[in-house]
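Student: Between the sequences and the hints, there should be enough to build the whole structure, so can you do that?
Everything in the sequence shown is counted per my numbering, starting at 72 for the first residue and increasing by one.
I should point out that these hints are in silico values taken from the structure, not numbers from a laboratory.
Just so you know, not all the hints are guaranteed correct.
Stated by the list, open to error - Label pairs and their computed distance ranges (CB to CB):
(1) R79 x A126: 29 to 35 Å
(2) D161 x Y131: 16 to 22 Å
(3) V157 x D132: 15 to 21 Å
(4) Y131 x G156: 26 to 32 Å
(5) Q129 x P98: 19 to 25 Å
(6) Q119 x Y99: 15 to 21 Å
(7) W167 x I89: 17 to 23 Å
(8) S86 x G156: 30 to 36 Å
(9) W167 x T102: 17 to 23 Å
(10) R164 x L85: 17 to 23 Å
(11) R79 x A165: 26 to 32 Å
(12) R164 x E133: 26 to 32 Å
(13) P148 x R114: 18 to 24 Å
Note that the Cβ used here is the ideal one computed from N, Cα and C, for glycine as well.
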Amino acid sequence: MHSFSPLRLTAVDLSGQIVGRIESTYPYDGTTPEFAVIRLDPRAGLGQTRLVPLAGSQRYDETLQFVYTFAEMVGAPSPDDARWGVEQADAARAYW
72 MHSFSPLRLT AVDLSGQIVG RIESTYPYDG TTPEFAVIRL DPRAGLGQTR LVPLAGSQRY
132 DETLQFVYTF AEMVGAPSPD DARWGVEQAD AARAYW
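Tutor: Take a look at the structure:
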């Protein structure tokens, strides 16, 4: 999938609108990440996080462009706590 680390890149939607910053990936176990954990820009969601699939994303300089709209990314499930786990990943898979 990705041979680079997406951490700290700016996440943008399909049209190039800034959604937030990538703060982690899921899973955390060193395997190929399936999702980016995006901390939403304060204008989009008051610093909440969302789990967004990395499949199809493209890196451009310091940004990672996803194949989803801003509304889809902001509307994705949010974790119950600060760390994503299996239940939250399953909810995100169901959403996407």
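Student: Any hints this thing doesn't respect? Which numbers, in order?
Tutor: When the structure is compared with the hints, numbers 1, 2 and 3 turn out to be violated.
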